[in-house]
Amino acid sequence: MTIAPPEVVPATTTGQLLHFEDVAMTFPNGTTALSGVDLTVNRGEFVTVVGPSGCGKSTLLRIASGLTPATEGVTQVDTSRIGYVFQDATLLPWRDVQSNVELLAELNGVPKAKRRATAKEAIELVGLSGFEKHLPRTLSGGMKMRTSLARSLTLDPELFLFDEPFGALDEITRERLNDELIKLFTEQQFAGLFITHSVSEAVYLSTKVVVMSGRPGKIVDTFPVEFPFPRDPEIRFTAEFAELCGKVSHALREGHH
Amino acid sequence: MTTTPPAPPKNRTLMRPATVKKSRSKTMTWLPPIVVFLALIGVWYAITFLVLDEKRRFLMPPPHEVVAAFFDPATFSEIMVALGRTTAVALIGLAIAMVIGIVWAIAMSQAKWVERSLYPYAVVLQCIPILALVPLIGFWFGFEYPARIIVCVMIALFPMVSNTLFGLQSVDPGQRELFQLQRANRWTVLTKLEFPAALPAIFAGMRISAGLAVVGAIVGDFFFRRGEPGLGSLLSTYTARLRSAELFATIFVAALLGVAIFALFGWIGKRAVGRWYDFSA
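Chains as they are written, first to last, in numbering that gives the first Met the number 0: chain L, 0 to 256; chain Y, 0 to 280.
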């Protein structure tokens, strides 16, 4: 894990990490979750996918991570260092924060001393120092999510997949975690593919917002987001921000019919 | 990123009047069962002295006679020695049932076809009237300890199998995928995810099996009535000789043994997983 000073803007080095071409997904029961999806995530990009629930957004991530292969199309993933943050924190309740964060390194056979150090660093990055010995049941929803983030950070991911990670959190916690995620994004230089159903979260976080329609999931529109990084929380109250949110919401409504 | 220092949890308990609340709730836990106990003793006396005439009083000797019979030195030592033997059979039987049950469940959790082939037999084991098999087991394995232990295992096994299997299969799918993403092999998934996740269910099953193991340890002995007498033989003998006060005393000892073993395994379960799971003991 490299810790760059915060003023560093995400690497502009191009090169694609994830490329979908005409990807479709039909489940054995005949439901078509995705059809004709073209999507590319390059280094330095943070792409957010918004769409109504059940539009196959999560399926997109499952295909990208290799959990479920697509039934059609080309899926190209150009890195093996993939972080995946689930909707739930999916912490193991019998392990404390430190040992939950160490889990992935442990599964990959990293020696104990090394994974302790990596975990310590990741815990620091998400602001959970001092909570190492706490069990998940004693943590708030936000802290559980931070632990989950730290766990994925130990992989030093080049591509970070987020499946509505903050959907279950309250507004205040969600906004704070959004800011912290942006900070991580600028410091750790991973590319992100983020799923959400919150339009403002999508616009605030990303370099590109992709709008999907429901059943079967299809990409209906793409909006580049030009606000500079690191993002000022105050941009949420600007006219440009509201306008872009309006456009995204409009595309969502259009795609829904 | 803001870091809030971990709150020392002890301060919080000091702030509210925990002691007052606790003592009241303690009374509330103990009082009702004691009231019921006294009521039962009352009913018992009523039956003995009001319902039964003197000639039939042996059908339900009054509580103080049962206590007196229990503390009669000869009976007391007889019951205690038998208690020791029955406890040994129950604990050995339970240990064997635990090992077989957990291994059986793990085997079934590894592949659907294994589950399909083996689970019906766990259910059959649960459903056959084991009482009917007890004499047969005696003929096959003799009437000594091994046969008693086999009866005990057969009676105590099912909850271990079904609870362990349930625990192994109830792992959160997200946690499974977490392991799958790191390409963890079966063994790793079993030891680092499924088995720890199943522990609360395993301990719950163990507690049920513990109670059944006591029943099982008594049943075999009750029917065989050979070799060194355990509580079962005693029950059988006292019944045959119409020594009802001793019979009642032995029944209570057997029940207390069951409760004690049940409580012991509840406590063990709480110690083992109570840190992260609300294990109701």
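Don't read these hints as lab results, they were simulated from the structure. Because the structure is a prediction, the values reported are computed rather than measured. Note that CB positions come from ideal geometry on N, CA and C, so glycine has one too. Wrong hints could be hidden among the right ones.
[Claimed, not checked] On the chain Y side, residues computed to face chain L include the following (Cβ under 8 Å):
hint : residue
1    : Ala67
2    : Ser169
3    : Asp171
4    : Leu177
5    : Arg185
6    : Trp186
7    : Thr187
8    : Thr190
9    : Gly273
10   : Trp275
11   : Ser279
Hints, verified against the model:
1. Hint status for Ala67 (chain Y): violated, given a least beta-carbon distance of 51 Å to chain L, over 8 Å.
2. The beta carbon of Ser169 (chain Y) is not positioned within 8 Å of any beta carbon in chain L (closest approach about 13 Å), and the interface hint is therefore violated.
3. The beta carbon of Asp171 (chain Y) comes within 7 Å of a beta carbon in chain L, closer than 8 Å, and the hint placing it at the interface holds.
4. Given hint, Leu177 (chain Y) at the interface with chain L, holds; its Cβ is 5 Å from that chain's nearest Cβ, closer than 8 Å.
5. Using the Cβ-Cβ criterion of 8 Å, the hint placing Arg185 (chain Y) at the interface with chain L is not satisfied: the shortest such distance is roughly 13 Å.
6. Among the interface hints, the one on Trp186 (chain Y) is violated; its C-beta lies about 12 Å from the nearest C-beta in chain L, farther than the 8 Å criterion.
7. Hint status for Thr187 (chain Y): holds, given a least beta-carbon distance of 7 Å to chain L, under 8 Å.
8. At its closest, the beta carbon of Thr190 (chain Y) sits 11 Å from a beta carbon of chain L; the interface hint therefore is violated under the 8 Å criterion.
9. Proximity of Gly273 (chain Y) to chain L is violated relative to the hint, the smallest CB-CB distance being about 11 Å (cut-off 8 Å).
10. Interface hint at Trp275 (chain Y): satisfied, since its Cβ lies 5 Å from the closest Cβ of chain L, which is below the 8 Å cut-off.
11. With a cut of 8 Å, the hint placing Ser279 (chain Y) at the interface with chain L is violated, because the nearest CB-to-CB distance is about 15 Å.
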